[in-house]
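**Q** Given two chains presented individually in distinct reference frames, assemble the corresponding complex, making use of the accompanying hints.
Taken in sequence, the protein lines are chains V and L.
Residue numbers for the first sequence follow our numbering, beginning at 47 and rising by one.
Residue numbers for the second sequence follow our numbering, beginning at 160 and rising by one.
In short, the hints are calculated from the structure, not lab data.
A hint or two may mislead.
Unchecked claim - Within a straight-line C-alpha distance of at most 20 Å, the following computed SDA-like cross-link-like pairs (lysine to any residue) qualify:
| # | chain 1 | residue 1 | chain 2 | residue 2 |
| --- | --- | --- | --- | --- |
| 1 | V | 122 | L | 284 |
| 2 | V | 122 | L | 215 |
| 3 | V | 122 | L | 528 |
| 4 | V | 122 | L | 214 |
| 5 | L | 397 | L | 215 |
| 6 | V | 122 | L | 213 |
| 7 | V | 122 | L | 207 |
| 8 | V | 107 | L | 209 |
Unchecked claim - Computed Cβ-Cβ distance ranges for the label pairs, DEER-style:
| # | chain 1 | residue 1 | chain 2 | residue 2 | range |
| --- | --- | --- | --- | --- | --- |
| 9 | V | 68 | L | 326 | 42 to 52 Å |
| 10 | L | 312 | V | 148 | 21 to 31 Å |
| 11 | L | 365 | V | 114 | 27 to 37 Å |
| 12 | L | 378 | V | 102 | 44 to 54 Å |
What the hints assert, rightly or not - To give a feel for the contact side, a few chain V residues facing chain L, derived at Cβ under 10 Å:
| # | residue |
| --- | --- |
| 13 | 92 |
| 14 | 94 |
| 15 | 102 |
| 16 | 105 |
| 17 | 146 |
For each residue, glycine too, the CB sits at the ideal point set by N, CA and C.
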Amino acid sequence: MTPRRSVTLCILIVLLAAPVTAANIERIVTSSGDGLDVTLVVTGIPVGGIVETLPDGCVWKETDHPADRTRLSGGKAAFAVIGEETIRYRVQGPQEAAGVFTGTWEDLLTGESGTVGAAGTHGPESSKTPVEAPGFLSVAALAALAVAYRRRCGR
Amino acid sequence: MTRRLILLACSLCLLAGMAMAIPCDRDSDGTLTSSELATAILDSLDARQMGGAVEAPSPGDLRDAAFIYEHWDGRALTITDTSGQTTTLTRPIRRIALFNSDSLEMLRSIGLEPDRIVGVSKYALEDPIFYPEYQGKANLGSVWSPDYEQAAGIRPDAVFLYASISQSSCDEIEDTLSAIDPDIRFFRFDSFRPTVYADEVRTLGLLLGKREGAGRFLAFYGDATGSVAGVVDTIPVKDRIPVYLENWNDYKSAGKGSGYDEKIELAGGMNIFGDNPAEYPVVDPEAVISRNPDVIVKIVGAGETTFGGYGDDDISPFERVHRAISDRPVWNQMKAIRDGRVHIIHTDVIGGPEYFIGTAYFAKWFYPDRFPDLDPRAVHRQYLEEFQRLDYDPGKHGTFVYPA
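The following block holds chain L by itself, in its conformation from the complex (with noise of 0.2 Å):
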């Protein structure tokens, strides 16, 4: 019986080590050289086409082996993702479930084909205008709550969730996915912080072996982001245009850190609730008049205000709320309504992927004499188009932004 264990304990280490190996690496050194390729390669082709009695690696392996060495350098691949969390990867990914539909946008920026994904979260299944391609793969539900059959049932080689978003529910699907299938990856990236965002895009592209085309997302984000932050760094700071901003339930605005701080940040705003420790705090009406703020922004898109977007071409709704703002008791006496300052935007082009179209939008808003080349909508065309592939013009179709 003791022969027998140690026997089993022998296979499964022998079985690890043969999961951790780089495939086609013939010294077993750690690095697939040009030369193990090539004769990887050669073998194969001499047993398949030449009527070779070579034994060659099978075409998995050779396929895994080439993108090893033509996207990592021909060794293991050892990320951290943006939670913090280490792994090494010695097989490419090639099919991933996306619980994080934020991702699933990004994989698209960067060029990522659309049969690496095999499970994507039941939001990108109910917007066939956004994710058209997307249609028909399996439905793994949500963060909150997950199908785990039919993510088990998919197979993944990885899984993608979010880092800060409900850390409790993507800790309990990487362990309940963990143990039914060991072997799965688990990354969680966010794809909507403004503070990590670059820095995914690059993890990403060296990830799923598309570093160029996360080259020449980013390259469009920089163009994007410094032409405002370029003007943005010459405002002092006691110039900065203060800001109340409102997501779409009734003040409730944004506090000190949180995304939305920072986006009004990021576009040369001042938010006149920052100092409020609350990441979404609850404020009162008459602390948002006696602030007095030059601009006021809200969100809509979700919970009471579940309209406009990519969907929805019907400006109608945008208008009643921009109306009820201005109609508010007393905050007629404030500055941005009396100069005609409050603007409406969608959630879709501030609170995901696309926030830098969205603080083009609220640079314009905050500092028109000093943004008047600026065009989002051009920005926002151009990202559709070009790294979206969406055949979809945002100025014909859609609702995001009230005035327009």
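Here chain V stands alone, though its shape is the one from the complex (with noise of 0.2 Å):
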């Protein structure tokens, strides 16, 4: 066997020997001038819904996440997820608000349901102590690093 042959039964190893994406959703907050941006990293959802309860003292600002398929009612704010990997909103409100934003998930394949950041793998410094931020889209970058980064790793 060639060492190239070697190369690709390698990675279709790795990627066949993958196993299947548990249903999560991450939060990271991160503050940005008199508010806070939120970025939800959806993984192994393609169909679902999330609804996230903003804390008490924020207000709704805007949100990249279509129009058609966001609802807010009442501090709480519903996204329909279809396809999407990462949802960005931003509200307004104190940085001291960034560890109390709460939230749910449903996946309507599976009928799985749960709470956002709960399997999450961010560290504390993205919910907990909101740190000066390098602003909306910088963010939205990095997320969307850490999206292609998951899926190159097959995970």
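**A** As structure tokens, this is what we get:
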């Protein structure tokens, strides 16, 4: 077997051996000016729903999620997930609110549900101790890189 | 009275129309768009978690809609099964009853969740080593002796039957269960015939939302069959090894176009009774001698030779069968006996969905020099571990071939 074929085979074996990705949503919160930028990193949920409860004192500002897949009501934001791997939104409010976001998700293909951030791998810095952030777009780029990295690793 | 009948007819039409409609397809144009699905998801979240007063779809409708959008591109699915029967579905299949154990194994290969199967044949229940996760499911009996009470009682969405085995029995099952519940869908697959095997995997993957799993399995299957076919294709027809195949009944061979005839051919052999028009002819021992095969293959695991396979580690019955063939009167004149080329194989790895493992053994036996690196046991091990998800090493357990 040629080295090239060996490498291809190894890649194939790794890809084939990769377990089915467990459904999970991570929340990354960073401070930005007078508000907070929230990025939800969606893993293994091709079709589902998310309801985020905004902390007291926070006011909804905007999102990059399509308008027809977003609904706001009484301090809660609902997102319909149809293939998206990241959802970003911004709220106006105190930095201390960063660790107080709560949310739930549902996977409509498997029927599973869970809590946003419950099985996340992000460190406490990202949600509990907000730091001066490089800005909404940079955070978005970092999140996209994280998603791309995870895809390449087959996880 | 007439007015009542008209009303009843209208109601029935309406109900039938509703049953055929794709859930959450608000404009009823037959296509569930991403926008319609998003609205349904948001309405559901709004009503259940945000105190909204919107009219939301039921959780069942929403899940069905998500499935149809993700796996069927938001449209009804029309598929044709191996028997040629065409069915259109506007709902996913969530409760499957299988009379066909071979399809049960194929469904496991594509990664179907066991909880979508609500009833299985008695053969699956009699095999706890190979089907551990299905023990405790409803026992449907068999194609030849179905338990209709059980089958109807588990309220299946779909019943899977064989396409080419016992068609009259399968027709009877379909007629009887249709009369009990007209909403049951029937599908016929074989899951053991090489000519339709890959197509069946693809169709099942699409039907059950397991296209990715089907693709993974087909890649493995393609490698396993391709490694044999690639070599066999280079062997001129005139140089093909003459093979005598006998099933578990002595002198019962395989005729033209039978499954075993096809499997011999796939492995590059020339079936010495491939010209016999009967599917499974009982042949004259002297005809075998006169055709003087290079290789003899005996299949065990059924009928008079019900031993071996996954649940049996004792190889001694295989040895006895092997010896008995060599000891048949005058058979020592045959090339296969003189050269020690008699092989015993269990039906588990040649008669059903694992046939490609058996044909790998065949190829190795027919042309040992052309397949020095072919390792049928490794293919078997990978199949069990990766696609059947069984903690079972065929190198340590079971009896499948002799000599090993």
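**Q** Compare the structure with each hint and give your call.
**A** Hints, verified against the model:
1. This hinted pair does not check out: residue 122 of chain V and residue 284 of chain L have alpha carbons roughly 50 Å apart, beyond 20 Å.
2. A threshold of 20 Å between alpha carbons decides the hint, and for residue 122 of chain V with residue 215 of chain L the separation of about 18 Å falls inside it, so the pair holds.
3. Using a Cα cut-off of 20 Å, the hinted pair residue 122 of chain V and residue 528 of chain L is violated, with the two alpha carbons roughly 71 Å apart.
4. Taking the CA atoms of residue 122 of chain V and residue 214 of chain L, the gap is near 19 Å; set against the 20 Å cutoff, the hint holds.
5. For the proposed pair residue 397 of chain L and residue 215 of chain L, the alpha carbon gap of about 70 Å is over 20 Å, so the pair is violated.
6. Between residue 122 of chain V and residue 213 of chain L, the direct Cα distance comes to roughly 16 Å. Compliance with the 20 Å bound is thereby established for this hinted pair.
7. For the proposed pair residue 122 of chain V and residue 207 of chain L, the alpha carbon gap of about 12 Å is at most 20 Å, so the pair holds.
8. This hinted pair checks out: residue 107 of chain V and residue 209 of chain L have alpha carbons roughly 19 Å apart, not beyond 20 Å.
9. Distance hint check for residue 68 of chain V and residue 326 of chain L: the Cβ-Cβ separation is about 44 Å, which falls inside the suggested range of 42 to 52 Å.
10. Distance hint for residue 312 of chain L and residue 148 of chain V: a CB-CB separation of about 43 Å, inconsistent with the stated range 21 to 31 Å.
11. The hint said 27 to 37 Å for the Cβ distance between residue 365 of chain L and residue 114 of chain V, and at roughly 29 Å that hint holds.
12. Restraint check, residue 378 of chain L to residue 102 of chain V: a C-beta distance of roughly 53 Å satisfies the suggested window 44 to 54 Å.
13. With a cut of 10 Å, the hint placing residue 92 of chain V at the interface with chain L holds, because the nearest CB-to-CB distance is about 6 Å.
14. Taking 10 Å as the C-beta contact cut-off toward chain L, the hint placing residue 94 of chain V at the interface holds, the least distance being around 8 Å.
15. For residue 102 of chain V, the suggested interface contact is broken, since its CB lies about 17 Å from the closest CB of chain L, more than 10 Å.
16. Below 10 Å, beta-carbon pairs count as interface contacts, and residue 105 of chain V has none with chain L, the closest being about 17 Å; its hint is therefore violated.
17. At about 18 Å, the closest approach between the beta carbon of residue 146 of chain V and any beta carbon in chain L exceeds 10 Å, and the interface hint on this residue is violated.
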